[in-house]
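Given two chains presented individually in distinct reference frames, assemble the corresponding complex, making use of the accompanying hints.
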Amino acid sequence: MKRNLSRLTIPYVVWMALFVVAPIIMVVIYAFTSAEGGFTFANFASMGTYAVVFTRSFKLALIATIVCLLIGYPVSYMMSKEGPGFQRIAMVLIMLPMWINFLLRTYSWMSILENNGLLNQLFQKIGLIALYNGIFGTNLEFFPMLNTQGAVVLGMVYNYLPFMILPIYSVIVKLDGSLLEAARDLGANNFNVFRRVILPLSLPGVLSGITMVFVPSVSTFAISKMLGGGTELLLGDLIEQQFLGGAYNPQLGAAISLVMMVIVVVCMVVMNRFGEGEEQAVML
Amino acid sequence: MSKELIRLRDVCMAFDDELVLDHLNLYFNDKEFLTLLGPSGCGKSTTLRIIGGFMTPTSGDVLFDGVRINDVPPYQRQINTVFQKYALFPHLNVFENIAFGLRMQRRPDPNDPTGKKLVKIPEEEIRQRVMEMLEVISLKGFEHRKPDALSGGQQQRVAIARALVNRPKVLLLDEPLAALDLKLRKDMQIELKRIQQQVGITFIYVTHDQEEALTMSDTIVVMDKGSIQQIGTPEDIYNEPKNAFVADFIGESNIIDGVMLRDNCVKMYGREFPCLDGGFEPNEPVDVVIRPEDIDIVPKEQGQLVGTVTSVTFKGMQYDIIVDFRGFKWLIQTTDHCPEGSRIGIKIDPDGIHIMKKSKYSGMFGDYSSFSEEYDELDDASLLDEEESEDET
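Protein sequences, first through last, are from chains F and H.
Counted from 1, the first sequence has number 202 at position 202 by my numbering; the numbering is strictly sequential.
Counted from 1, the second sequence has number 332 at position 48 by my numbering; the numbering is strictly sequential.
Isolated chain H (complex conformation) (with noise of 0.2 angstroms):
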């Protein structure tokens, strides 16, 4: 197993008596691609401002290869950030803008015994590092142009690039895909991917896009409120969602009240369901997570619940339906087709179920009843809207 690299010690962040971050505890570990995910206001940019120096925690402790770093500045951390909007300098051209931080660097002269002499990084050296980026990066040729003569994707090689060609130990990586279009967006979340492979060091990833983290990351560090809620890998995540939460914000879900009977077996609308999970207390009043993709639809009078299409959804590859079961409304997704209105039963594979304990997000998620199209793309633009606001400040 890797060694660990960073780690968060007790780190609390308040502005104006407004606790951001609370009490959190993470380790990252060296060549790891960790995402922090999370809503807007999550914490999750703080976390990674704390880390790059930008800001000083309120109390606890950042600790680098086990020094304790609080008061390091950024410049003098083994540390690169790039930035949401990239933030390169308009009046130098690609190639300044990536030499920028080996002119800023000195170090010791190899000619001088005592090794107290700084020297500059000589010219030939940052002309051959620069040119080394700019093959990663794909964007040989393009050294003399200035950055408002390149597309947002390139723009943001060119951030990615200005970064690595320090050699840092550890990349911050501030929800830099935000402002490229969708299809640019999964082009670089490979390229980006691959980049971390290829130079081998920690890329530390800050995004509110569920599908970007399951995509590129080795960990998920998932947020809320300022505290994390599940750490794992995207699988875990994604399989084992810890709370309601996770659930939700992790992919679709429907959650539905359940009491445990006994291991391996839930009760749900009346119902007996044999599941894969124990460890509760006899009747323990649970959450049972049910993915949209795990739900076979059946002919009525061999279903283990009943219920009615109330909408269809055509999405390419599958159909969305939701199908009210009693009242409460559940998002199935098949590729079956279900006319609007019709009855059909359900059956869920006890490998589909996955129970978890009540939590303070009980209840405020999983509930399909106000599903609509529309409904979730304004969801998508607020949240963007809030993000960049939280930028400006």
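If we strip away everything but chain F, and leave its shape as in the complex, we get (with noise of 0.2 angstroms):
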């Protein structure tokens, strides 16, 4: 009967050792690998260049994830609080915007930041733009928005933040609310029975919350291609030159690819240290 059973897993283990393992597999093996075939650690030694991309991109998904934090928890606490129809009218808003093309998204952020687009043409309409210069004695037509690092960072926000809200939301609806009566029943205020019961326990939702958002932030390249026009380069751009665009070097690619996903393990696996006991924290 077991034995049936576990012939079932067999697509599954087939499925992930072609796709998950096999790949990393090529990455390590072409990260050491000089273009001529030998084994090298040229490819790493070269990395030295691009320290500015990876900070950069590290700077920005932190930058994001703690912005989709500061969102996320007071939404997802809020509405948690809210009765079961509100809750399912929220939960569709937040799941909407993901039912569309995630191209399709950026594109329209595109839209609405230019320089002559919808929000310009907002701020115009309503005089900000001119009560701007009157201040600042500046001579402005529109406030460059797009190809800036805040539109990359308002691209991987808004792109994420669902990824943070429905971890921390679904940890906190399902807080046993006699936890909280007898919090206060103990004397905490309203303060202290967030500060001592509902924030510890709503902890692993937000560790899942954070390596949901700044894994997919820190390795983007659609979004910064997009709303930073290219000049504000990611680890992601950097990756997919080496790859498709001109600067064809796959080795290299390969080992910047390598190196940002021992830096991201490592990070899960100090935040996950740093909320040990919450074994529920969902490691990605």
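If you're looking for bench data, these hints aren't it; they were derived computationally from the structure.
Backbone N, C-alpha and C define an ideal beta-carbon position, used for all residues, glycine too.
Some clues are possibly wrong.
[As the list claims (entries may be wrong)] Ranges of calculated distance between the beta carbons of each label pair, as one might list FRET restraints:
hint, chain 1, residue 1, chain 2, residue 2, range
1, F, F102, H, M415, 53 to 63 angstroms
2, H, R352, F, L122, 49 to 59 angstroms
3, F, D176, H, K509, 43 to 53 angstroms
[As the list claims (entries may be wrong)] Which chain H residues stay away from chain F? Per the calculated CB distances, all over 12 angstroms, these:
hint, residue
4, P341
5, F348
6, P374
7, G385
8, K467
9, R478
10, T499
11, S511
12, K551
13, M552
14, D580
15, F612
16, G629
17, D633
[To be verified] Straight line, CA to CA, 25 angstroms or less: simulated DMTMM-like cross-link-like pairs of lysine to aspartate or glutamate:
hint, chain 1, residue 1, chain 2, residue 2
18, H, K642, H, E519
19, F, K174, H, D432
20, H, K369, F, D176
21, H, K509, H, D294
22, F, K174, H, E380
23, F, K81, H, D651
24, H, K369, H, E380
25, F, K81, H, D294
26, H, K369, F, E181
27, H, K430, F, E181
28, H, K430, F, D176
29, H, K404, F, E181
30, H, K584, H, E475
31, H, K613, H, D580
32, F, K81, H, E519
33, H, K430, H, D393
34, H, K453, F, E36
Now the structure itself:
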């Protein structure tokens, strides 16, 4: 009986081996290979020139993660306090954008942030730009918003916010109400109920939210390309260039990918240690 | 006599127009073990939650030491609660769970002459008081365990310690033993009573288990459908039930229609029985309660009544037999074995007969026609289920 069931896992194991394990092995092999095919550390040695891209990627991803957390936690918390009807509607509203293609959503941000895009037109109409010029003595016709780091962070936050809200919400909504009553009964005011009970118990959700926002943010290339205008090169762009772009150098691309993976894994392990004991914390 | 501590005055509670508490008037004395007893949905938990401050009554007053506390939040009341499923904080160990209330407390600084500055309780004192509590609940050495590494009974005791360490004047207990198995429940009943006597404060205990109530309480309040049916000592409630509901809910009772001919004489089955009750109108229809253990089996020639045994169940200490008296079935507990189908006589001493005024509960209880073991167990199980679902909401 048991043997029969275990056979059902074969397709999955094959799939994992082909599309997860094999590519990782290939990345490792490529990273330690020169263009001629010999073993080398040169790919890693030449990476120093890209240190600025590494810092920028991690900085922007970190900012996006923090912003997502600052928005996502209060939203999740307030959602969980509302009635089931409100929660359902809010959930649909949060999920709805995710049903639309990621590139389309990012394109629409381009047209919103453009120099003569929606936002700038609005600012012009309400006289905000004139006001700004008046105060600072500048002579702007529009606010340059597209092709900035801010636009990249905005794109990350917009795209990955649901991945912060959902895990936190699902932890908070399942919190046993009697724990909150017990805390109140033992003399905790609302602040302390939150600080001593809700916050520590929602930590697993926060940790998996951070993981689910930070990891895709640090490796994104489409967002920086479209909203950063290619001027704010990120790790994802760098890697993409090595494989598909003009700077064709798959060995270097593999080495960068490997280093990035290692850094991300180390970050996640450290963070999960930080929330030790909260064994539900999801490693992704 | 000890002094009054809490009083509920004309308290009503309605949820969506449904009256859950109906003009409740009740007081609780200092240092007393009082039990609110009733079937699920009788309003006992609601009463407890109103005292604890988790609900505000729709109308009426809650007085604590003579002061109205309707709008005082739970954390400002000198009352602590032990919750049904313990509600221990899963992220804190036993020590921190018990210390939680102390860490929340602020009290006047003894070094500040104005007495306005508030300070935390010093760590040394917290440590000492938590350790004291661990001793009371016999869980020394467990302070570093997380709650999920404790058994149900241990979690229960931690929950009690966590409440008591704050030195409340009143401890509220909401069916705290419901989740424990029978053996542990019996031990904890004795343990709870011991703790109550040791710390010397008021315990208000909510349960639907009549045996639990009889074992532990100084005073029992029997409730049904949002009103009080009877208040009294366990002996009073058992021996002198006020109506058919109480008689049936507390222990086993045969409840028979009768007519009070005059003081000390009641007529059932067309026959006069001497009894010890009086104060009724002549020929007033009444409910007659006869406890199964108060009935003597005698040869049928000597019996006041003669009936047929229809079922016999061995219970260890005694037999439970069901006897048919002209279509109305009685439960009798006896140490004599009477075979099924035999004709027996019974005799009831005057002090075994208890007369109650007719009430809205007359005719609803006290007939054992549908009696069977399975039936009884099914009934208990469904009661528990209901209790749980009540919790969820």
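Each hint, compared with the structure:
1. Distance hint check for F102(F) and M415(H): the Cβ-Cβ separation is about 58 angstroms, which falls inside the suggested range of 53 to 63 angstroms.
2. Checking the proposed 49 to 59 angstroms range against R352(H) and L122(F) shows it holds: the Cβ atoms sit about 56 angstroms from each other.
3. For the pair D176(F) and K509(H), the beta carbons lie near 29 angstroms from each other, so the given range of 43 to 53 angstroms is not met.
4. Look at P341(H): its CB is around 17 angstroms from the nearest CB on chain F, clear of 12 angstroms, so calling it non-interface holds up.
5. Look at F348(H): its CB is around 15 angstroms from the nearest CB on chain F, clear of 12 angstroms, so calling it non-interface holds up.
6. Not every beta carbon of chain F lies more than 12 angstroms from that of P374(H), the smallest distance being close to 7 angstroms; the non-interface claim is violated.
7. Separation of G385(H) from chain F is inadequate, the least Cβ-Cβ distance of about 4 angstroms not exceeding the 12 angstroms criterion.
8. The claim that K467(H) lies off the interface holds: its Cβ sits roughly 26 angstroms from the closest Cβ of chain F, which is beyond the 12 angstroms cut-off.
9. Every C-beta of chain F lies more than 12 angstroms from that of R478(H), the closest at about 23 angstroms, which supports listing it as non-interface.
10. For T499(H), the non-interface assignment is confirmed: its Cβ lies about 26 angstroms from the closest Cβ of chain F, beyond the 12 angstroms cut-off.
11. For S511(H), the shortest C-beta to C-beta distance to chain F comes to about 26 angstroms, beyond the 12 angstroms cut-off, and the non-interface label holds.
12. Under the 12 angstroms C-beta cut-off, the non-interface status given to K551(H) relative to chain F holds; the minimum distance is some 53 angstroms.
13. Distance check for M552(H) against chain F: the nearest CB is about 49 angstroms away, which clears 12 angstroms, and the non-interface claim stands.
14. With a closest Cβ-Cβ approach of about 50 angstroms to chain F, D580(H) is found to remain outside the 12 angstroms limit, as its non-interface label requires.
15. Against chain F, the non-interface label of F612(H) holds: every CB pair exceeds 12 angstroms, the least being about 46 angstroms.
16. With a minimum CB-CB distance of about 55 angstroms to chain F, G629(H) clears the 12 angstroms threshold, and the non-interface call stands.
17. For D633(H), the shortest C-beta to C-beta distance to chain F comes to about 49 angstroms, beyond the 12 angstroms cut-off, and the non-interface label holds.
18. At most 25 angstroms may separate the alpha-carbon atoms for a hinted pair to count; K642(H) and E519(H) meet this at roughly 22 angstroms.
19. Only pairs whose Cα atoms come within 25 angstroms are accepted, and K174(F) paired with D432(H) is accepted, the gap being roughly 17 angstroms.
20. For the suggested pair K369(H) and D176(F), the alpha carbons sit about 10 angstroms apart, so the restraint of at most 25 angstroms is met.
21. In summary, the hint linking K509(H) to D294(H) is supported, as the alpha carbons are separated by about 15 angstroms, within the 25 angstroms threshold.
22. Restraint check for K174(F) and E380(H): the C-alpha separation of about 23 angstroms stays at or below 25 angstroms, so the hint holds.
23. Taken as a hint, the K81(F) and D651(H) pair is broken in the structure, with Cα atoms around 49 angstroms apart against an allowance of 25 angstroms.
24. For the suggested pair K369(H) and E380(H), the alpha carbons sit about 18 angstroms apart, so the restraint of at most 25 angstroms is met.
25. Straight-line distance between C-alpha atoms of K81(F) and D294(H) comes to about 32 angstroms, which puts the hinted pair past the 25 angstroms bound.
26. Restraint check for K369(H) and E181(F): the C-alpha separation of about 12 angstroms stays at or below 25 angstroms, so the hint holds.
27. For the given pair, K430(H) sits about 20 angstroms from E181(F) by alpha-carbon distance, which is consistent with the 25 angstroms threshold.
28. Using a Cα cut-off of 25 angstroms, the hinted pair K430(H) and D176(F) holds, with the two alpha carbons roughly 17 angstroms apart.
29. Taken as a hint, the K404(H) and E181(F) pair is honoured in the structure, with Cα atoms around 22 angstroms apart against an allowance of 25 angstroms.
30. Between K584(H) and E475(H) the CA atoms are separated by roughly 47 angstroms; this puts the pair beyond 25 angstroms, and the hint is violated.
31. Between the alpha carbons of K613(H) and D580(H) the distance comes to roughly 16 angstroms, so the proposed pair stays at or under 25 angstroms and holds.
32. Taking the CA atoms of K81(F) and E519(H), the gap is near 47 angstroms; set against the 25 angstroms cutoff, the hint is violated.
33. Taking the CA atoms of K430(H) and D393(H), the gap is near 33 angstroms; set against the 25 angstroms cutoff, the hint is violated.
34. Distance hint between K453(H) and E36(F) is unfulfilled; the C-alpha atoms sit about 84 angstroms from each other, more than 25 angstroms.
Consistency note: the structure conflicts with the earlier hints numbered 3, 6, 7, 23, 25, 30, 32, 33, 34.
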